[in-house]
Amino acid sequence: MERLDGTRGRLVGRRWERTALDDMVTAVAGGRSAALVLRGEAGIGKTALLDYVGDHAPACQVVRVAGIEAEAELAFGGLNRLCEPFRKHFDRLPVPQRSALQTAFGLSAGTPADRFLVGLAVLSLLAEAATRQPLVCLIDDAQWLDRISAQTLSFVGRRLLAERVVLLFAVREPVVGDALADLPALRIEGLGDHDARTLLARACPGRVDDRVLDRILAESRGNPLALLELPREVTAAQVTVWTDRLDDQPLAGQIEKGFLRRLRSLSPGAQLLVLLAAADPVGDAALLRRAAVELNIDTVAAGSEAQAGELLTIGTMVRFRHPLVRSAVYKSATTLQRRQVHRALAEATDPEHDPDRRAWHLASAAGQPDEGVAAGLELAATRARARGGAAAAAAFLDRSAELTPDPRRRGSRSLAAAQAKSEAGEFGEALELLDDLAALPLTKREHALAELVRGRSLFSFRSASAGLPSLLGAAKQLEPLDSALATETYRDALYAALTAGRLPDEVGVEQVAAAILAMRRPADPACSDLLLEGVSRITVAGYAQGAPLVHRALAAYRTGGFSPADGLGWLPLACRLAHNTWEFDAWSTLSARLVELAVDAGALAVLPSALLLRLSNRVYAGDLAASDALVAQAATLGEVTGSSFFAHYGAMVVEPWRGDETRTQQAIDLITSDPLLRGEGKALTATEWAAAVLYNGLGRYDEALLAARRGSAYPRELGLSTWSMVELVEAAARSGVPAEATEAVRHIENMAAVSGTDWVRGTAAYVGALVADGPVAEQRYREAIEFLERTDVRMLTARAYLVYGEWLRSEQRRGEARQRLRQAYTLLSDLGADGFAERARRELAAAGAVTSARATGRRAVDAASLTAQEMQIARLAAGGLTNSEIGAQLFISAHTAEWHLRKVFGKLGIRSRRHIASKLGN
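Under the UniProt record's numbering, the first residue of the sequence shown carries the number 1, and numbering increases by one thereafter.
The set of hints was computed from the structure by calculation and includes no laboratory data. Since this is a predicted model, take the numbers as computed values, not measurements. Cβ coordinates follow ideal geometry from the N, Cα and C atoms, glycine included.
Restricting the straight-line Cα-Cα distance to at most 25 Å, the calculated cross-link-like pairs of lysine to any residue (SDA-like) are:
{"id": "1", "residue 1": "331", "residue 2": "284"}
{"id": "2", "residue 1": "257", "residue 2": "215"}
{"id": "3", "residue 1": "903", "residue 2": "882"}
{"id": "4", "residue 1": "88", "residue 2": "885"}
{"id": "5", "residue 1": "444", "residue 2": "483"}
The following label-pair restraints were derived from C-beta to C-beta distances:
{"id": "6", "residue 1": "669", "residue 2": "26", "range": "36 to 46 Å"}
{"id": "7", "residue 1": "15", "residue 2": "879", "range": "43 to 53 Å"}
{"id": "8", "residue 1": "789", "residue 2": "555", "range": "15 to 25 Å"}
{"id": "9", "residue 1": "540", "residue 2": "596", "range": "31 to 41 Å"}
{"id": "10", "residue 1": "639", "residue 2": "177", "range": "15 to 25 Å"}
{"id": "11", "residue 1": "842", "residue 2": "461", "range": "41 to 51 Å"}
{"id": "12", "residue 1": "438", "residue 2": "879", "range": "50 to 60 Å"}
{"id": "13", "residue 1": "867", "residue 2": "514", "range": "45 to 55 Å"}
Please model the entire structure based on the sequences and the hints provided.
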């Protein structure tokens, strides 16, 4: 299926590929969406297949763009061109998405948007554009898209489902750093022998020597461009010489040589015009003519000659016969020739309309350091960063540093390039740039910033343990230079230390806490100051010294009054400390707010941990259905980010309560084998806590005790280490070794004396009752129930009913025992805590009661046959969210949310979202 020239001619072969593409277009016309990458070597026919789809989708809108090699570092360049026809739909996007897209495209000023929020905006925009007519987007030479455009379109392609949108890419292989690697692909191979001969015969009119045909067929290996181009190089009389000239270079190289022979047959002026066109990524004919004037080229004569040589065509746009022509011409030019044409293009480019491209041309024209050019690139980097193009900013800054004559300024710009690379997720390259800074003079502040970038890069690239020393060092260096940034850096160091937990060899949470306490404190401390000082005092001096400060900070955070940026930075720590200081209401409020902020900002660096903090809160509240929805959301997030770690972690928090040993162990195994766990002791504690909960629920107390011992061994990890103590007390009491629980009981009672919340007082009474006897035990059980019933911590309240009922049965008070055990069984069943519910049922039976199985939350969902994502969407809809709001939560389009809801309605037998809540039983 190949065209003979640039016209829309008859195609040869490719029957299977045509069928697959026809089916895709038919499906999109029927309401579905698809993304597909055509992969193959240069000249294999990918562009012709794009042409075919464009010609055979009459019922669809067709938009076509191409990646341009010289544009690969201009942020959002490809994406902007793709979305240009749909700007009239911007006003229909949710405000955060519209703002993100306008900022990315330089249409308005604003805070640089998270690239995933830009991706969601593009998804929504394409879905909106396809509302009245299906949309087919053809993206040629996608290997040359700028990085953030490619990443964004990959995100969009993975989230497409029911928008009536097709994204069809063509990628020339081999390709380095393939952002589209996760999308479905169709590999385009050479034509079969029959089709290759047919195409070759059309390319060689008249009688051609069989030796020539056979040689061309053998060399082309079915590559259509080779079949069309190689015959131009040889006649029958030349076949022997031509055969001897062939070497072992790749086919693309042979084709390029043919193009270059054609180029060299042109006059010097025409050759220079073609090189000028090859150096301009835009293909703007007017720009080409202006640049040609700078070089004293007769554009009419040279243009006619170049077009007659079938290398390019010049209309309103300049188009090369094939992308290989452009690359062959540019690569074959000397360095001086390239600088000459880039200088002309820079002079011809409007500095007001396109300053970034002009800066890039000037840089390409520079043969030695030039402060003026370097400064222009630095300004271009500033503009790219403002649009959210950190990768593009890094490229501009890297080149700016190379062209900077002054060593001190070169160091500053190299540091800025490293910071931009780190922000773009290119942590390895950022670390390499930082290593190179050792030879350059830096100020004290720049040394501190370099250490900060190193710490953050190591944290993300390797582990929390690896990044911790640099983060702590940077915070100390920043103290006398920038107190606000020093405070934020201490926060990052503390979070790294808490994440690393037991694992660091040299620097741990104690060292970070001591450094924070040694820092000069402001006279009027902010919430963040109180939070840092509080947790540091807990670590260094004990719970009683720091918890009151944390309580003050949490009270202030609950009143709001902080910016979204501050919320995203500080609420993760605040939520962890609310858990650790037994403030359940603060934990509930702040975790919900954190998720809301992360979703609104599209902050995927924060959203995974925000979901887990919220999920843990909902588990303690006994809302396992909400927890399931959050696990599903974490799984959706994993599809976006390429990491399943957070979904596995969420499952590990939820499944133990259900008594599902298989699922719990599977989640634990996946967590402990995940490479993201390197250097994270906190996750190890979480796996041990999960096992302890599971086995206590199943009544396998010896196994629970072993796990709880390990989980509670590192109390300075905060949070789950304390909750492992609760499991330890119950397991030890039930295993007949209550003395082992003495220290854990004392620890929790001391916390209760300081914090005094109903949650901690109820928990202290709970564990105290488990190791007490007689009237003291009964009093403590009653106190536990009284305090816990005042809270929303329903899971522990239900367990308090259970352990009190078990104690009553052991005291031979069977009637009272049955009452409490039935209360426990009913609530635990309603909560979906099947493991503990089954334990309550066994105790009820032993107390002489007859019980029947109750449907749990999970059984109700299974009965309705809702998938995890359908359940997630159903709950959000029942909560009053619109389709657009659901889409923003789940990184899908509103159309896909609506499509899922229609399936939910069918499965639940309802016609309106007003009836969802009653069908779900909550």
